[in-house]
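2 protein chains.
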Amino acid sequence: MPESTWNTQGEAKRQSVLNLIPDKWRLKDPVPPAAELRDVTGNYIRQFLTERETEITETDAVDIVAQTSTGNWTAVEVIEAFCHRAALAHQLVNCLHEIFFDAAIENAKQQDEYYAKHKAPIGPLHGLPVSLKDTFHVKGVETTMGYIGWINTFEGNRNDPRSGQEESELVRELRVLGAVLYCKTSVPSTLMAGETVNNIIGYTWNPKNRLLSSGGSSGGEGALIALRGSPVGFGTDIGGSVRIPAGFNSLYGIKPSAGRIPYQGAPNSMDGQSSILSVIGPIAPSARSLALLFKAVLAQEPWLHDPLAFELPWRDQIVEDTKVLIDKAKAGSSALAFGVMKHDGLGRIHPPIARGLKIVEQTLRRLGHRVIEWKPPSHAKGAELLGQIFQMDGGADLKYHLGLSGEPKPAQVIVNTEGNEMTAYAIAALNVAKREYQKQYMDYWNSTAAITGTGRPVDAFFCPAAPHAAVIPKEFYYVAYTGIINLLDYTAVAVPVTFADKKIDVKSVNVLGDDTEHVQWDYDAETYDGAPVCLQLVGRRFQEEKMLTLAEHLGEEIAQDAK
Amino acid sequence: MPESTWNTQGEAKRQSVLNLIPDKWRLKDPVPPAAELRDVTGNYIRQFLTERETEITETDAVDIVAQTSTGNWTAVEVIEAFCHRAALAHQLVNCLHEIFFDAAIENAKQQDEYYAKHKAPIGPLHGLPVSLKDTFHVKGVETTMGYIGWINTFEGNRNDPRSGQEESELVRELRVLGAVLYCKTSVPSTLMAGETVNNIIGYTWNPKNRLLSSGGSSGGEGALIALRGSPVGFGTDIGGSVRIPAGFNSLYGIKPSAGRIPYQGAPNSMDGQSSILSVIGPIAPSARSLALLFKAVLAQEPWLHDPLAFELPWRDQIVEDTKVLIDKAKAGSSALAFGVMKHDGLGRIHPPIARGLKIVEQTLRRLGHRVIEWKPPSHAKGAELLGQIFQMDGGADLKYHLGLSGEPKPAQVIVNTEGNEMTAYAIAALNVAKREYQKQYMDYWNSTAAITGTGRPVDAFFCPAAPHAAVIPKEFYYVAYTGIINLLDYTAVAVPVTFADKKIDVKSVNVLGDDTEHVQWDYDAETYDGAPVCLQLVGRRFQEEKMLTLAEHLGEEIAQDAK
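Protein chains in written order, with the numbering used here: chain A, 163 to 725; chain B, 163 to 725.
Same shape as in the complex, but just chain A:
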């Protein structure tokens, strides 16, 4: 397809989304350029909202549900406030792919009627607005996943009767739980990028610093939730795509182990590649919001509806056990131990990240936790395996979907679409090498029992989620900090730590002792100023209950120390 055609199609789609924003919610005046006004969160966006809308939209998911499920707030007023704020967010940073506010308000009305009649909520998420990355099917709504070639199709197939008729399993469950769905958020075409850019909506900017990226691939979620246009949303993560945008937007986001949150019926890139499975996880401003959603979804028994989901209900016992350890630590006994990995020997970290690591280590020690240096098996080896897996089909799947329209591949995509396909025998050898790496890492983890002082291996470890804070456009290319966690199928939570500060995070300071060269790379203190800094809290496989409990506890303490 010639450029004029795909370009026109993209432009028409982009405009059709904007057209769905009611007049009353459109910005009348132009937004100042990013160079003049980096940060559009907080007071900037609040100026367009009523006090009541601000109150509602700045309430976290747990407290929203407390209001809606007791009839204090109606589902309609809640969803209207979020629709308004989401519309503003999109106009500020380009974060939406699909808008279905009318259907959402209709849905909320029915919920209010249900509540009026039964004096009881529909489910544990009654009236809670939930945003979705544009990698889920919602009935009556298109899914483009950022591909021009998917416009007016079902996953690229024209005249497919499933078009607009399907709902992904998670979407079905969210409706049963009482969630109100109202928008789908932007992704990079191919999904294989740490920034969010495509030929339909363009670039999704970081609301805290519009010179920077909102991260990717769930970048629309990150940007929307940072602006409180959504209290909680679902992204997907095969190499960091939940954690990167969560972290780049000062939010919490969990990448669970594969098989906990149902992926059934959700479109994907390179679907069927089974060496590393993409997973779904929520993103929100508070860790407890993630736990609320996680627990609610598991109560729907997704393993009865998704053949790749595991029969592993939410384990309250693990939450309780973890709280006991936290309380013991508070009382002065070293009950919890953490590893801290300052860098992986490859991805040279910037000063703000180095400072974030110091803050976290200081918090851990202040709380009386044991801290050990995390010296795992070679991350270089893990990065090599990760690269081979992402490149397994030589980029054939991505090339096919870009080729449907002839649109160009965004520069940020980390997969080479002109590579060679691997064959079965080589793939099997790669899977064995991956398993052996997992085993080495597991053995290392077990071995820390000898040095933690708790009698057990570390409970979790902290490490960077990226070498940098929310990144300068086109400068995200090192994905191994997050990707290795996917290779290992571990559970990880992005935890907000601080913000880059040009006055403190000076380029020439040797923040890592003798590792000066690791922080002298492409760091630009001026541009990064104000960028959210996050770290990953990494737990063993299937330890979502424990990691969310620790993230809530530690996140609050870290926030205090970062002030």
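Don't take every hint at face value.
One copy or any two copies: either way a pair holds, since identical chains are not told apart in the list.
[Said to hold, decoys possible] Within a straight-line C-alpha distance of at most 27 Å, the following computed DSSO-like cross-link-like pairs (lysine-lysine) qualify: (1) Lys301 <-> Lys601; (2) Lys601 <-> Lys457; (3) Lys708 <-> Lys457; (4) Lys725 <-> Lys504; (5) Lys664 <-> Lys504; (6) Lys725 <-> Lys520.
Calculated directly from the structure, the hints in this document are not laboratory data.
For chain A, the structure is supplied; the task is to place chain B on it using the hints.
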């Protein structure tokens, strides 16, 4: 390698195993030919044993542990009895690859000393002899997996320092639990066969009818345990390799879902193929023996040592819940419902299998359980996917390992070693097709809630494990009855039902109503006479606790009705 060389190597290895049998345990007189004496179980083998040895070896695992862990029986007398009987079994049907009786007796002595000192067992399997398929590494013992090219190597690699030094994770755990390991059992070279034959030990015969196969690929386990040369052993199953030899030998055997029993460190065929994972499961004369071993292994928390194992402890609650349903059914309420699939439309079943299905259906109805006809999504489609997955690498892995010595491929191997390798893009599409098939099957299972009368979907379903009873050599070629369960990753237990009887199971009888042609195929009533007949009890994914509880309950009732 010229025939003379591989043949000589195989013969030398075969002889070296025989040489490990002490003189006192060697058969002095020739065994009558199979045509004269089909059945060497029971009284035939007992003639070579003392009364005490017979008593010990005909006790099931649960009762053995009850004796050894209270000091009534010593570990040494138990292991000596089983070593003796295993030695006899090997001389009768060719079922052993490795013998390490001396190490086992030494191990048992240490256990007895431990017991004498502590007045307590080492673990829940204290003093229990456990046999292992020759797909596990045991320190000081070779693993050939039936390949000539693996003799004097580590998995085919010469001068590998791991040779004789490694123990598979399951083996390590069994030792911690107190099991006594003493032999490894025969497999078909490549493992991809429903009979057991290789160029080292030759053919493993069925002890109940030595004209027939012991099944495969865990055929050595099946034959050894049928002769009570072992109370319980572990096999592996990627297409039926636990269930087929269990069923062909009138034993119970469970194929769990992938990830419950640790596979870490166990050699395999086509290792790294990850579309269908091979799984490990125990085989024994009683279902409760399987539960004993299963529960014991899970208590070792294999997920902390095997990156592919799941954190899913043994769930006593499911056992209890299932027993409540069984009791309710006994009390007259229809609390349990079963599907029965008489044939899959492809694998034409023989009269003994058709009769087995009738017996089971009759038992289910007698016990007051609901029975529905099982009409799942096309098994033809499932069989097609299964075949593509087994053929994924074009047989390259098997060809490589056979090629190490130049030995020929046994005729029974179901994989074509001269096929074409699939590429990554096609493999991904195959994985998607497999997942869609799993989803259809899952939806069908859920849909039965509307017709069971219990308000729930069926609890399990019964179907053949093969078209025939223990098979005539070279006549096993239809693996889809069991293989589709691997494709689905369901839990299945082989349940013994009856024995082929030439007087009842007559070729011309139309046992399946209008499906006469399904039973007229290659059935030979005379040869099959006396062959064990089994069925599969199939449960949902990860329902091992429930399936073992049902298998124990139903197996006993079926045995009564089959008399």
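* For Lys601 vs Lys457, is the C-alpha pair at or below 27 Å within one copy, between two copies, both, or neither? -> Between copies only: 23 Å across, 29 Å inside.
* Up to 27 Å CA-CA - Lys601 versus Lys301, copy category -> between (42 Å within a copy, 20 Å between copies)
* What label fits Lys725 with Lys520 when the C-alpha limit is 27 Å: within, between, both, or neither? -> Classified as within; 13 Å inside a copy, 75 Å across copies.
* To do: Using 27 Å as the alpha carbon limit, work out where Lys725 and Lys504 are close: within a copy, between copies, both or neither.
  => Classified as within; 21 Å inside a copy, 70 Å across copies.
* How would you label the pair Lys708, Lys457 (within, between, both, or neither) given a Cα cut-off of 27 Å? -> Intra 12 Å, inter 25 Å, cutoff 27 Å: intra and inter.
* If the cutoff is 27 Å on CA atoms, where do Lys664 and Lys504 land: within, between, both or neither? Let me know, please. => Result: close within a single copy only, 21 Å intra versus 74 Å inter.
Going through the hint list in order, the structure satisfies each hint without exception.
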